[in-house]
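> For the protein sequence lines, the chains are A, B, C, D, E and F, in the order given.
Quick note: the first sequence uses full-length UniProt numbering, first residue 1, plus one each step.
Quick note: the second sequence uses full-length UniProt numbering, first residue 1, plus one each step.
Quick note: the third sequence uses full-length UniProt numbering, first residue 1, plus one each step.
Quick note: the fourth sequence uses full-length UniProt numbering, first residue 1, plus one each step.
Quick note: the fifth sequence uses full-length UniProt numbering, first residue 1, plus one each step.
Quick note: the sixth sequence uses full-length UniProt numbering, first residue 1, plus one each step.
Just so you know, these hints were derived from the structure itself, not from any lab.
The model shown is predicted, which means the values in this text are computed figures rather than measured ones.
Identical chains share a label here; the pair holds if one copy fits it or two copies do between them.
Quick list of in silico lysine-lysine cross-link-like pairs, DSBU-like style, CA-CA up to 30 Å:
id, residue 1, residue 2
1, K228, K212
2, K195, K176
3, K228, K176
4, K179, K220
5, K228, K203
6, K63, K27
7, K21, K179
There are 6 protein chains.
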Amino acid sequence: MKPFPYLQKANTSFTDREVTKIGDLMKEWDGETIRGVGLIGAHLSKSSISHSGACFAPGTIRKALSGYSTYSVEENIDLANWIIQDLGDISMHITDVIQSQNRIYETVQQLLKEHSSWLPVVLGGDNSITYPSIKGFKEAKGEVGVLQFDAHHDVRNLEDGGPSNGTPFRSLLETKTIKGTNLVQVGIRDFSNSKPYHDYVNKHGVTVYTMKDVRQASMKELMESSLKKLEQSVDSIYVSVDMDVIDQAQAPGCPAIGPGGMDAVDLFEAISYLGEHPMVKGLEIVEVDPTVDFRDMTSRVAAHVILNFLKGKQRGGLTFD
Amino acid sequence: MKPFPYLQKANTSFTDREVTKIGDLMKEWDGETIRGVGLIGAHLSKSSISHSGACFAPGTIRKALSGYSTYSVEENIDLANWIIQDLGDISMHITDVIQSQNRIYETVQQLLKEHSSWLPVVLGGDNSITYPSIKGFKEAKGEVGVLQFDAHHDVRNLEDGGPSNGTPFRSLLETKTIKGTNLVQVGIRDFSNSKPYHDYVNKHGVTVYTMKDVRQASMKELMESSLKKLEQSVDSIYVSVDMDVIDQAQAPGCPAIGPGGMDAVDLFEAISYLGEHPMVKGLEIVEVDPTVDFRDMTSRVAAHVILNFLKGKQRGGLTFD
Amino acid sequence: MKPFPYLQKANTSFTDREVTKIGDLMKEWDGETIRGVGLIGAHLSKSSISHSGACFAPGTIRKALSGYSTYSVEENIDLANWIIQDLGDISMHITDVIQSQNRIYETVQQLLKEHSSWLPVVLGGDNSITYPSIKGFKEAKGEVGVLQFDAHHDVRNLEDGGPSNGTPFRSLLETKTIKGTNLVQVGIRDFSNSKPYHDYVNKHGVTVYTMKDVRQASMKELMESSLKKLEQSVDSIYVSVDMDVIDQAQAPGCPAIGPGGMDAVDLFEAISYLGEHPMVKGLEIVEVDPTVDFRDMTSRVAAHVILNFLKGKQRGGLTFD
Amino acid sequence: MKPFPYLQKANTSFTDREVTKIGDLMKEWDGETIRGVGLIGAHLSKSSISHSGACFAPGTIRKALSGYSTYSVEENIDLANWIIQDLGDISMHITDVIQSQNRIYETVQQLLKEHSSWLPVVLGGDNSITYPSIKGFKEAKGEVGVLQFDAHHDVRNLEDGGPSNGTPFRSLLETKTIKGTNLVQVGIRDFSNSKPYHDYVNKHGVTVYTMKDVRQASMKELMESSLKKLEQSVDSIYVSVDMDVIDQAQAPGCPAIGPGGMDAVDLFEAISYLGEHPMVKGLEIVEVDPTVDFRDMTSRVAAHVILNFLKGKQRGGLTFD
Amino acid sequence: MKPFPYLQKANTSFTDREVTKIGDLMKEWDGETIRGVGLIGAHLSKSSISHSGACFAPGTIRKALSGYSTYSVEENIDLANWIIQDLGDISMHITDVIQSQNRIYETVQQLLKEHSSWLPVVLGGDNSITYPSIKGFKEAKGEVGVLQFDAHHDVRNLEDGGPSNGTPFRSLLETKTIKGTNLVQVGIRDFSNSKPYHDYVNKHGVTVYTMKDVRQASMKELMESSLKKLEQSVDSIYVSVDMDVIDQAQAPGCPAIGPGGMDAVDLFEAISYLGEHPMVKGLEIVEVDPTVDFRDMTSRVAAHVILNFLKGKQRGGLTFD
Amino acid sequence: MKPFPYLQKANTSFTDREVTKIGDLMKEWDGETIRGVGLIGAHLSKSSISHSGACFAPGTIRKALSGYSTYSVEENIDLANWIIQDLGDISMHITDVIQSQNRIYETVQQLLKEHSSWLPVVLGGDNSITYPSIKGFKEAKGEVGVLQFDAHHDVRNLEDGGPSNGTPFRSLLETKTIKGTNLVQVGIRDFSNSKPYHDYVNKHGVTVYTMKDVRQASMKELMESSLKKLEQSVDSIYVSVDMDVIDQAQAPGCPAIGPGGMDAVDLFEAISYLGEHPMVKGLEIVEVDPTVDFRDMTSRVAAHVILNFLKGKQRGGLTFD
Ligand SMILES: [Ca+2]
Ligand SMILES: [Ca+2]
Ligand SMILES: [Ca+2]
Ligand SMILES: [Ca+2]
Ligand SMILES: [Ca+2]
Ligand SMILES: [Ca+2]
Ligand SMILES: [Ca+2]
Ligand SMILES: [Ca+2]
Ligand SMILES: [Ca+2]
Ligand SMILES: [Ca+2]
Ligand SMILES: [Ca+2]
Ligand SMILES: [Ca+2]
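Only chain A is shown next, with the shape it has when bound in the complex:
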């Protein structure tokens, strides 16, 4: 019997014996082999064009995620057997942004090389982490196809402010880390992108689905045709979710909010569909700024993105038995 039966660790929350929460599956990584999804934080947002607290999102997304049940009642799928390693955060330099980005690259590539069965879920941070993250991913995984959910093309020129949250796909294309024809952009929004940058992605052969396309086709059709194309030409697929692809009413905590965006349920369906595909081996979530959010709503949406990724993976046959 416990000597002090009512003494518990500080900050312990209510436990119901019949409930398995995602938090129960999350373990601080011990350095051993990683199987399945493992979380890693890239809390960099000093690279943002506008003031951003996206550096706090790894914390709020982990917290939101850990509170959800493991059970998908809609599909009768229980994730209770998973182990979700939490690898921790990549440490950021206080005053040297470029070094911080390099640390992301070096850490991701080295980890993926040593842990080939790891399915990274990278928690940004702003969208600038996408370039070092995918660069590291590619070195371990070969030719990469990217499904980018974003209101914006993110191919700004690199001269006007360096490698910021407006430039990651420019960097990826210019350095030939990925080919334009292996990039699919979903959710591109009206009056939120300039014509020169739209022309730029067209010139590189990028597949672009605007919000008008999203409203007119089913998400399943768009994903199906995207995967069909990518599976011919790449070795593995990375899913990048800039949360501002969602409408401002549903994701109020992104730096660049606006109306006319995607419905969260459509995004969830896309993500679980993608997760089911065996070539999809990485996910990142960026541009959640908890300092301007309302009741961590946007982090809760982010958590559901991860949950649907897990559901897709389990549907796709990933097991922990």
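Given the coordinates of chain A, assemble chains B, C, D, E and F with the ligands onto it according to the supplied hints.
Chains B, C, D, E and F with the ligands alone, transformed into the frame defined by chain A:
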């Protein structure tokens, strides 16, 4: 003529002679016979698992409700002839939660026995009030069927924390106050319920419509088939609305918010459809926490739930002539 | 070369050489001929029935608008050749509301008479500005048809509080500034209008589309039939957008918020459709109160209303070559 | 015995049998003779130069006041025998500010003439109510001396915006309602007043105590010499408290906040000292804007101003036996 | 060398090698002997009369505390040698408030009996924890003297709502856990206490220092005479700090805020003076509600209370060598 | 006569002909000779250890400053003859923090060399701007003495995070830009600095006044003795104000808030005293973060710091005739 023509009661708001507001129909109850809908507050939320200010919702919902017009322009129905008795609040004990719940039970059952034409609209408070409220309802009304709108099953075990806002339907089923086959749960949400509790309600024969079901069928179909089943087996029907069934973007003031929820308009259509049925004789609204809401949005949605209930009742033939 | 290369005007924001923003097209008016859309602020909200900070909306809408790109990626239309004159604000009297309203009338009519090619975009302010604004519009443009997007009829009697934000269409009809048969009200909401006022607009032959109508028909159908009717009977058409027509989840910063409202994308489609029509020669946006908004969301929606108006105009052939 | 022992009026708060609260002493006025302090609301703030929600202050001050105990533990004085009449609010016109101000004048003067033993506590509203209020006070009470606590002189010219919250003492002086030599301004703050207006009050013989004076002398000395002067030359004294006289850290909910202001405790001491004097027969509190306050802090300070006024009056011999 | 040099535990904050923070001294308790100060959380606030989130204060106070430096520059005292055990939180029952209070009593008394060199710092929670906490303290420590900093007497009757945050000293006196003559109340505030309760404490021989006393004497004098008296009659002294003793401008996050309160620096001086005394063996901090605070200001003040207690103890000779 | 009498520039605020505001004195710099005080913004806060929005402070301080009157009623000094040049902001790089700091250095030194009569008022930004700013100041002005108002020493080591807001005085001392004996630190706070850094400044001969010193001496005495010492050993004096020197209740918008800080009025007195001295030739204000402030309170305090600097300069004989 008034001696001081410009002196008015403190806090009087602007009056337009051509507008009848619900507030104009609301009367503090005088102890006489109650006909039709009467409001009663059950402002208990110390019973909540997480910190909750749902105890303030009776006040904010009344305030929101009283400001709306009596006129449904969509259906050309005017409620201007109604009298809505406000019975007041059931007093809560400061430190004894169980006694507070008992007071709800005792007050509801005694009132219903003495005022059989009363259609109670119970304003929570958290979802723990559902057990004493329906227990009281049943003693006066016979076998009860319940239509529960909720993201959650609410059948947690009673050992881990007593009769909280997570347990009301467990209590109702365990005490056989209602039969599982007379319970319909609508809006059950992904990753928000554990498998053991889903199995539990299935075992009890509860009808469950998840959000996936809600997205795939029309609300009218779900309600029609629910009522068809219940009208065979019960004496009266009680509608329980946990406002967290609504999507977090539309009902941001619930303790357990999240994405992937019901659209408010779907709920309104369900409620007015149910209200029209003569066996539907009670309504409760729970889990609105005004202390974390934005501009009383969630209380405004709650007010529209009541308005649609009234509209249904009038459509169903309830008159005050 | 610049003597102090890093010294810039205070408050300069980041500039990307490949991006043309609406702000780049906006010029403080120099008194010369105005072509196309010109903004004018009518920052009056002391006329509101409830406390309103709508007087700040001209500032927040301008700021939101100026940050968007000129490029509609959905329709491959670039507005980069436009010049958008900013005529400034109409000065308001501190203590004399009626004089403030007269200033709006006088300024609008005089400007329109002297600048017949000006397409005014009037930024309220509350809805009381509609009467002086349309009165001025009419004197310059002849018989006027009005497409009013609003949750409310806005035909309150004038005795109970003078010419407020609840009365503009009453004033317009009573003074025969517009005919009831030339008024179309879209988005009228349940329990938000009294029967006497609904009867009043019906008596005057106003076309009314409730939210139920909006949910059941396509926006394009409603606009098509509205324009077909108006183009027979008027000389020019004015579009009045009370932002509270939008659902509270998407436009949380209006004084009179509530559930059951219009989807912003439906409004955008209506506006660009209307903008395309050559007889549509004026637009106003009212009832945005930035002091109660969340992250200027409602001003961002307002900016998209203007953007879609511009897009419609360009689709309709307006050019600046 | 109560038929429903737990049913209570909606919104009833916790009652402790051993505690008498000010709220227990407050009675809605029944039209009978008023003795001692009676509250009256003048909820006008459309007259303000800057956007102000001071119209809500009568409600928040009443609420704060009613929650305090009747007992001054510091001086062992209990107000439990008082009756505090609440006369209600003076109704305001929606669109006619000048008429609203006239209603204040007419109501105050008529009430004071008919109820000579009434000690009015006028709850603004903005500072523009001071002119009509003191004008009414004077007609009933003869020559008036005014002790004004304010960071500002409030003698702006009347041409630039009419009778606003910046002009009340200009109006009082220009109309000779009060003489400059009978006006004492306390708490005038650095860089918050223009030289011409400072010269203006000097020219009129107004006594001015700046914040520097307040820091260097004791409040008791300043009050003593002020009363000594006024009691020679006036029939009755009116105390006007613009809450922005207090430092912004302690009264954060005033429209014109700033550092370098008065300590609340100094104000309380001044007020109870003044209240004790038999010639002091009226008090007003203005410029509290609850919409920008933090947790009604400023209304709580306002309530303590009233409490100290009551304490002073009881110390001065006012009894209800 | 670290295999992944940039990978760190999630949520790691910036570390400066030259800075020792209190957080560096805090260790999760391992069950071994406790020396000196040890923190324990009593996160109960369902016992509060008004809605309170004081249950969250143990978390916010720990967080604030852990960020401060160990070094008192004012007195050149460094606490860097301390070990501060964090015993964790006492688990609370979801629905049984009385059981929760009993758990506090049982845990505190058992711990103190087994660890006589422990100096408990109890983090509330609301003020209801004081009764079980001091009851436990007394069983281990003999006759107890209490220095209570509070705006309120906290001796409400127990009939009207049970053992709430308004009753702890009533319970202590009625059960003779402490004698009235061994209780000193400091900071009792005007209009915040009823006469019957003031009479009650007087009758019990309690020493009362109102805020007027605090303003007129030095804090050192008050503490000196208090200690002089207590050291004659008790075995050990417990310091209870209800944070609402501080003025609302400096401690805005207490449930019962108001003006006219104590300056934080005076409290700090009192606490370090008390801490220096060898008979002072326990400290509690209650009534901090982080859900209504501004930027955790009140938790920061609470942390400084603890820091000054530590400083006093070190000045008093407590060492860890 | 104006063609459109009511048309004014957007965002024009109310003008009173009898009031001269500081904003009326502020002119966008035209490149001509600068006399007296000129504002320059250094909106850098990506260099901060913790997330900071201090980059927005130049905007909010300018706005607060421009709204104050030119007249000091406390000393009968009017600044109405001043011209305050606004030189604008130094542009910051999006991703290269070190380059941003260099731009501050280069701009300040070049400007000061070309405009020797300029009295710079530098608006940060975080405290990291102090190193480049003073380095530039020194190159133009010779040996520099610094009066630093700060709760912190700001001499962190440079290895752990580069040149951040924790290191400016370390950089200044290590590079011998200033001598330790020419540095006076005022307001150093308890438990907010580590012993090694306190030893470091002592070793360098820095004069340190802790908050205890500030409470025990008059501010005038501290300033007098500081100036007496510096005027012997330096060519010019620079005043650096980290706003967190002020108590958190009065300056709630600093990143590192806490209790036990300086009273704003004491700071104002220090600044006007210093401003009067002819050797004091520069002022900077840093660490105001408007994104976490309450109603721009902290920017208002900052504005008063500048106002008192101007008042001191005028008292010291600076004229614009
Ligand atoms: Ca984006
Ligand atoms: Ca992006
Ligand atoms: Ca629920
Ligand atoms: Ca529930
Ligand atoms: Ca409307
Ligand atoms: Ca309207
Ligand atoms: Ca004032
Ligand atoms: Ca005033
Ligand atoms: Ca207390
Ligand atoms: Ca207490
Ligand atoms: Ca500092
Ligand atoms: Ca500093």
